[in-house]
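A.B. asks: So you can see what is in the structure, the chains are spelled out below.
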Amino acid sequence: MPRLIALLTDFGTADAYAGVLKGVIASRLPEARMLDLTHGIPPQDVQAGALRLAAAAPFLPPDTVFLAVVDPGVGGERRPLILRSGDRCFVGPDNGLMWHAASSDGPPEAWTPDRPEFWLPTVSATFHGRDLFAPVAAALAAGTPPEALASPVADPVRWSPPPPVWTATGVTGEVLLVDGYGNAITNLRPVDCGDPPDYRVTFAAGGHAVRGPAPYYAAAPKGSPVVVCGSYGTFEIAVNGGNAAAQLGLAVGTPVVVQR
Amino acid sequence: MPRLIALLTDFGTADAYAGVLKGVIASRLPEARMLDLTHGIPPQDVQAGALRLAAAAPFLPPDTVFLAVVDPGVGGERRPLILRSGDRCFVGPDNGLMWHAASSDGPPEAWTPDRPEFWLPTVSATFHGRDLFAPVAAALAAGTPPEALASPVADPVRWSPPPPVWTATGVTGEVLLVDGYGNAITNLRPVDCGDPPDYRVTFAAGGHAVRGPAPYYAAAPKGSPVVVCGSYGTFEIAVNGGNAAAQLGLAVGTPVVVQR
Amino acid sequence: MPRLIALLTDFGTADAYAGVLKGVIASRLPEARMLDLTHGIPPQDVQAGALRLAAAAPFLPPDTVFLAVVDPGVGGERRPLILRSGDRCFVGPDNGLMWHAASSDGPPEAWTPDRPEFWLPTVSATFHGRDLFAPVAAALAAGTPPEALASPVADPVRWSPPPPVWTATGVTGEVLLVDGYGNAITNLRPVDCGDPPDYRVTFAAGGHAVRGPAPYYAAAPKGSPVVVCGSYGTFEIAVNGGNAAAQLGLAVGTPVVVQR
Chain A
1 MPRLIALLTD FGTADAYAGV LKGVIASRLP EARMLDLTHG IPPQDVQAGA LRLAAAAPFL
61 PPDTVFLAVV DPGVGGERRP LILRSGDRCF VGPDNGLMWH AASSDGPPEA WTPDRPEFWL
121 PTVSATFHGR DLFAPVAAAL AAGTPPEALA SPVADPVRWS PPPPVWTATG VTGEVLLVDG
181 YGNAITNLRP VDCGDPPDYR VTFAAGGHAV RGPAPYYAAA PKGSPVVVCG SYGTFEIAVN
241 GGNAAAQLGL AVGTPVVVQR
Chain B
1 MPRLIALLTD FGTADAYAGV LKGVIASRLP EARMLDLTHG IPPQDVQAGA LRLAAAAPFL
61 PPDTVFLAVV DPGVGGERRP LILRSGDRCF VGPDNGLMWH AASSDGPPEA WTPDRPEFWL
121 PTVSATFHGR DLFAPVAAAL AAGTPPEALA SPVADPVRWS PPPPVWTATG VTGEVLLVDG
181 YGNAITNLRP VDCGDPPDYR VTFAAGGHAV RGPAPYYAAA PKGSPVVVCG SYGTFEIAVN
241 GGNAAAQLGL AVGTPVVVQR
Chain C
1 MPRLIALLTD FGTADAYAGV LKGVIASRLP EARMLDLTHG IPPQDVQAGA LRLAAAAPFL
61 PPDTVFLAVV DPGVGGERRP LILRSGDRCF VGPDNGLMWH AASSDGPPEA WTPDRPEFWL
121 PTVSATFHGR DLFAPVAAAL AAGTPPEALA SPVADPVRWS PPPPVWTATG VTGEVLLVDG
181 YGNAITNLRP VDCGDPPDYR VTFAAGGHAV RGPAPYYAAA PKGSPVVVCG SYGTFEIAVN
241 GGNAAAQLGL AVGTPVVVQR
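Each protein sequence line maps, in turn, to chains A, B and C.
FYI, the numbering used here numbers position 225 of the first sequence as 225, with every residue one higher than the one before it.
FYI, the numbering used here numbers position 55 of the second sequence as 55, with every residue one higher than the one before it.
FYI, the numbering used here numbers position 73 of the third sequence as 73, with every residue one higher than the one before it.
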């Protein structure tokens, strides 16, 4: 059985671009197993893609091949990239998209795919997902090692979310992403804030102060703000039954201050 | 071959949450067969999810495992639930989401999954879809019976769409949901309105009266309202080539009156 | 192994309609292999569906069965249709949706499915995708030849994108579609404009003139318009890091003039 290929892109669902990636993979590897993580990353938002990829990766099979394409530099000087961490492989552009996910257990190995015999016969200037990354992912899933289709690189582009900052009065973090429910996910882990046992914290975010964390969303009254330790392993700001980002004026980069 | 797992959630397509569900299933059951019904249920709209699940279920294989997650009460007191009707199983929150689909052939059997050894090792307070429901669905698809991973419950939450009301002058129903085309699907079956043979009806909806039903959408002039007996088995109000909800002011709950 | 079934519809992701198609196929053919091209074609926009289907098809396995449903005339006089080109089959409504994709190697063979024993037992007036096209696609993927479930037709509806027009001063084309990034894809191939070697062209589109083509998007300054030869094989107008359609006022049908 070939390795699972998991796809994450900013291709959206209006076009068939994501379907074409899968079509190329199925052409190369008819028995391929594929899984859509999401194709709804905001166009060209590498950071949003990196965060979602890192949050998802630990829950997939340990030998998954991740095909990730958020690629504003396509066709230019940015290199194609393979990263390997343990048995996981990541294929996509060398723009920081995959670093956070691939570096959770330390710096990954890195290669740049440079053997055109593994690509589609014609490579366009605008769609390397289709012409280069998808066939490379299919080759990896079929068991071809990175060494056979790529050359080592020493300096892949690195991006990780900013860490919180400790001050005299508390810890300052920020909103890393807003999810489809309007929940604002921060970069603040409970352990960053003195937990346990001093885990009761106050958030000042967008001018609002919220006492927390609560054990779950519905522990707050309907329509009220609530802070929980969410599925990203960090504090997130929600509104029970509502949309926190819209109601509290939260966006990516909004500072979040925790005071004990 | 394992049983098909069909997924329905309100996770949207901007995040990788739906992909993570599938990743957990693939981790537990590499040969899993999965099918996305939709991840576009409006956030936290249990009723919208229930209606779409019930409309879809009869068209899937009879031994399908349905994994349904619209779960505003996650992490709180609402129980996790398994329902079984015939060979179909439904896994998700005990909030009425699955009842309508599972009760079409009479009251289903019900259990609450309470054996943590079948779950992920850590269960978050915000994402039981990932941590609890997905691994339970994988176990069911692999052939584990509900009895092995859950305890019986006698009082699952029940929700079914409201029935029409008969009055001296006709039948009053309502719009149950508006689909992506803007078609307004009602709770009025032809048989509720005296069909056959008295199947010519008039709808007063949002102040508009529409003679019907027509045999198909395009039987009305382009841009005109039309009532058909739709794919839900009930009357639906459409505009040929247009968006009925927007053009006629229809929304969930809009009364629809049928007079012969 | 059955043939791959690739789906393209305007069903959107808010409803479970696309999931139901796949459920019917899985009911008929449990070992089916399915691939979503897109379900995000704008409602009832046959031309947008035709263009995306034609762009995707060459990248899928050569014996793929394409199930395409953009079907404003459902239930009326438009026929159901099967087209065959080489080993590829296309199943959907006879409204021009599939012609462009199926005719790239010359006129395809055409049939109309007319053997109800291959359909669902009840065929609704509004959802032939579910009741007729999906089971026919499953039969084709399982190896049933078109001749066994359909009768030949001589006059399928034909639609191909308009060709460019040559004038004394240059070539006039138009925007065929705007993709999810806001890139405006035209009907102008490099060869239509005298390439090579006279491949430097100027676009006048929406009142803007853009010198091109550039080798890739990021060859233009950030925020500036750029013309590239895109993944459709034609010139497309983009904005590096931006949304060309919004910023330049481009839409389907906008004239694009190339002067050497």
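Heads up, some of the hints might be wrong.
Claimed, not checked - Computed far set for chain C versus chain B, every beta-carbon distance over 12 Å:
1. Ala-142
2. Pro-190
3. Gly-253
What the hints assert, rightly or not - DEER-style ranges, computed between Cβ atoms:
4. C:Pro-162 <-> B:Ser-224: 27 to 37 Å
5. B:Gly-249 <-> A:Thr-169: 45 to 55 Å
6. C:Pro-107 <-> B:Val-157: 39 to 49 Å
Simulated from the structure, these hints should not be mistaken for lab results.
Even glycine gets a Cβ: it sits at the ideal position worked out from N, Cα and C.
A.B. asks: Each hint should be assessed against the structure and marked as holding or not.
C.D. replies: Quick rundown of the hints versus the structure:
1. Ala-142: Per Cβ check, Ala-142 (chain C) is outside 12 Å of chain B; nearest 15 Å; holds.
2. Pro-190: 35 Å, holds
3. Gly-253: 18 Å, holds
4. C:Pro-162 <-> B:Ser-224: 27 to 37 Å: Taking Cβ atoms as reference, Pro-162 (chain C) and Ser-224 (chain B) lie about 30 Å apart, which means the hint holds.
5. B:Gly-249 <-> A:Thr-169: 45 to 55 Å: Holds - the Cβ-Cβ distance for Gly-249 (chain B) and Thr-169 (chain A), about 53 Å, lies within 45 to 55 Å.
6. C:Pro-107 <-> B:Val-157: 39 to 49 Å: For Val-157 (chain B) against Pro-107 (chain C), whose Cβ atoms are near 58 Å apart, the range 39 to 49 Å is violated.
The earlier numbered hint that this structure contradicts is number 6, and it is the only one.
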